[in-house]
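First to last, the protein sequences are chains S and U.
Quick note: the first sequence uses the numbering used here, first residue 2, plus one each step.
Quick note: the second sequence uses the numbering used here, first residue 134, plus one each step.
None of these hints come from the bench; they were simulated from the model.
Glycine residues also receive a C-beta, built at the ideal position from the N, C-alpha and C atoms.
Among the hints, erroneous ones may be present.
[Unchecked claim] Distance windows between CB atoms, simulated:
#1 U/ALA202 / S/LEU186: 39 to 47 Å
#2 U/ALA309 / S/TRP273: 38 to 46 Å
#3 U/GLU317 / S/VAL207: 57 to 65 Å
#4 S/ARG277 / U/THR347: 51 to 59 Å
#5 U/PRO255 / S/VAL392: 55 to 63 Å
#6 S/MET394 / U/ARG333: 51 to 59 Å
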Amino acid sequence: MNGAALKDATLCAAVAAVLFVPVVGLRTAPGPTGPLRIEPHFGIVAVLVGLVLLGRLAIIAWQARRRPTAAETPRRVARVMARSGRYVAPALLALAVLLPFLPGTGRYELDLGILVLTYVMLGWGLNIVVGLAGLLDLGYVAFYAVGAYAYALLAQEFGLSFWVCLPLSGLIAGMWGVLLGFPVLRLRGDYLAIVTLGFGEIIRIVLLNWTNLTNGPNGIGGIPRPSFFGLPFSSGGEPGSFAHFFGIEPSPVQRVIFLYYLILALALLTNWVSIRLRRQPLGRAWEALREDEIAARALGINVRNTKLTAFALGATFGGFAGAFFATRQGFISPESFTFSESAIILAIVVLGGLGSQLGIAISALVMIGGFELFRGLDEWRMLVFGMAMVVIMVVKPRGLVGDRTPTIALGTRKAIGGGLVGQGQG
Amino acid sequence: MSLLSLEGISAGYGPVQALEDVSLHVGQGEIVTLVGANGAGKSTLLMTICGDPRARTGRIVFDGQDITALPTHLIMRQGLAQSPEGRRIFPRMTVNENLLMGAEVAGHDPAPGLAQARALFPILLERAGQRAGTLSGGEQQMLAIARALMSRPRLLLLDEPSLGLAPLIVRQIFGAIRRLNEEEGLTVLLVEQNAFQALRLAHRGYVLVNGRITLQGSGAELMTRSEVQDAYLGGGHG
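Put together the whole structure using the sequences plus the hints.
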């Protein structure tokens with residue numbers, strides 16, 4: 002431990018002090034006479050600043066110890082990861098399929114599973130746009146919203162069944178994807194991000210203000226629940242219902258299990274389409290585009306169509322997820338489609354490792370499941386959440402699964418180690 | 134009969150006029166070079182042939198077909214290929230993937246191109262599974278040329294292949310271009326700042342100054358012209 006390390010740690014502690022004094026140190030509480038007064042909590046601030054100081058010193062010590070083997074260790078880790086990775090995906094899939102029948106799985110676990118799978122699907126959908134085609138989209142939630150409202154309105158106004166509305170919702174969202182795609186064809190990087198961000202907000206604000214159609218901030222309620230291919234789920238068990246048809250006891254869990262398998266199937270469809278397309282000329286064109294647009298153009302790739310298909314396909318899956326969300330919730334309002342949703346989905350994709358299907362599934366599980374796990378921590382939850390993201394980005398800057406398998410090869414495919422993959426891009 | 138001909142081409146970016154009434158032709162089996170200083174419009178000329186930016190006036194004819202208004206991706210499927218300035222390989226893909234991308238995205242059979250690339254640059258076989266971004270500059274340039282050849286073009290547009298490379302590597306790359314031309318009959322339009330070597334390699338050359346062609350002739354002839362010698366062959370470029 003030397004002077005430089007101490008100086009570094011002190012600086013970090015000073016920054017932490019500046020941040021924590023107003024955020025943690027000063028709290029408002031109702032005073033004895035009524036009006037609010039400020040209560041100082043400088044003890045906690047001192048503890049936190051102390052933790053930052055010690056933590057920073059620990060990080061410096063750890064990095065100093067690690068440096069000599071830095072070149073070799075990740076490779077060994079990568080090899081172990083690659084070997085175990087072969088089993089992680091089937092194991093996760095088996096767990097996902099069996100979850101409703103595992104002992105100890107109740108209503109809460111199923112609901113959480115549905116939530117996680119919704120984000121897995123959204124992550125995989127956004128991955129087509131961001132991870133494969135390299136188009137930074139900050140307004141992905143717009144397509145989720147379009148899908149949800151499309152389903153809600155079609156089902157309510159025209160009385161169409163879920164299985165008719167689902168593809169229609171995807172189609173409508175996909176059309177909006179193309180609509181967004183056209184004006185941003187010439188934009189790249191930061192500029193694209195800003196425009197997509199604006200697009201997401203436009204959709205939300207239109208939903209909020211177009212009261213005739215969307216019922217504005219009050220949202221749309223009473224959205225029809227899905228039926229089991231025409232057999233409704235009902236608690237009464239009357240003739241023609243799901244329980245009656247199969248001759249089993251009616252139970253509200255049946256619908257939840259059905260919803261669970263529905264979103265699992267939709268997510269797996271997204272995954273299957275992405276994996277298949279990656280091996281097709283279209284998927285390769287996306288990757289070429291992500292790597293270098295000018296080179297892609299010089300190789301005879303139709304850049305316009307390639308970008309539009311990426312936007313359209315990503316949006317379609319977002320629309321499917323939205324339709325599912327609407328039918329599951331039974332109620333939707335513009336509040337569910339704020340920018341923070343886009344940010345969470347993007348964070349899932351980036352933390353998982355752009356372009357990695359397995360990584361995105363794991364990071365959705367960790368982010369959404371973990372967020373739920375820390376529910377008891379109340380307002381500290383965001384802090385834990387933020388810290389977890391920082392730790393992942395420090396330890397694995399290319400995402401949880403940074404490796405990529407060549408999409409095009411002669412003979413065997415060899416995984417490309419995360420260390421060789423450009424930072425922040427798969 | 135010329136494989137490629139440009140007649141009265143003007144082009145530019147926004148208000149900037151980069152090319153002014155440029156006419157040139159490249160005959161079947163020829164190596165033609167376009168030399169000029171930085172910013173003379175050499176790269177713009179190659180890009181204009183590919184349709185990006187579009188020519189504002191004039192006509193571009195390739196193999197008897199007017200390609201002036203064709204979309205870029207279709208131009209690139211007519212039998213011409215470009216190795217762009219700055220190489221622009223796909224850094225996160227392997228060498229092999231880069232090569233295969235050159236053929237398959239436009240629907241060509243990769244096998245003959247791959248065999249040719251490996252015969253021409255054996256190092257690419259050695260590095261086949263390596264991430265292209267980890268190659269040296271010279272190897273990247275070889276990869277860029279090999280990738281362009283994957284679509285089996287009849288005309289290769291080469292933009293500054295010697296940029297930032299050691300003289301020994303430049304000689305190797307220029308040797309490969311000569312071999313391609315002599316053995317395979319490949320037609321090449323070469324854009325170079327390295328005028329001395331380019332003119333020595335080429336059958337004919339054009340000199341581009343501020344977006345206009347000021348001189349043309351055989352490579353040997355241009356090298357003896359005092360204007361060329363003063364501008365490009367004196368001092369640093371020898």
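For each hint, the structure was consulted:
Our hint of 39 to 47 Å for U/ALA202 and S/LEU186 is violated, since their Cβ atoms are close to 19 Å apart. Look at U/ALA309 against S/TRP273: about 43 Å separates their beta carbons, and that is inside 38 to 46 Å. Between U/GLU317 and S/VAL207 the C-beta distance comes to about 59 Å, which sits within the given range of 57 to 65 Å. Evaluation of the 51 to 59 Å hint for S/ARG277 and U/THR347 yields a pass: the beta carbon distance comes to about 55 Å.
Distance hint check: the CB atoms of U/PRO255 and S/VAL392 are about 45 Å apart, inconsistent with the given range 55 to 63 Å. For the hinted restraint 51 to 59 Å between S/MET394 and U/ARG333, the CB-CB distance of approximately 52 Å keeps it satisfied.
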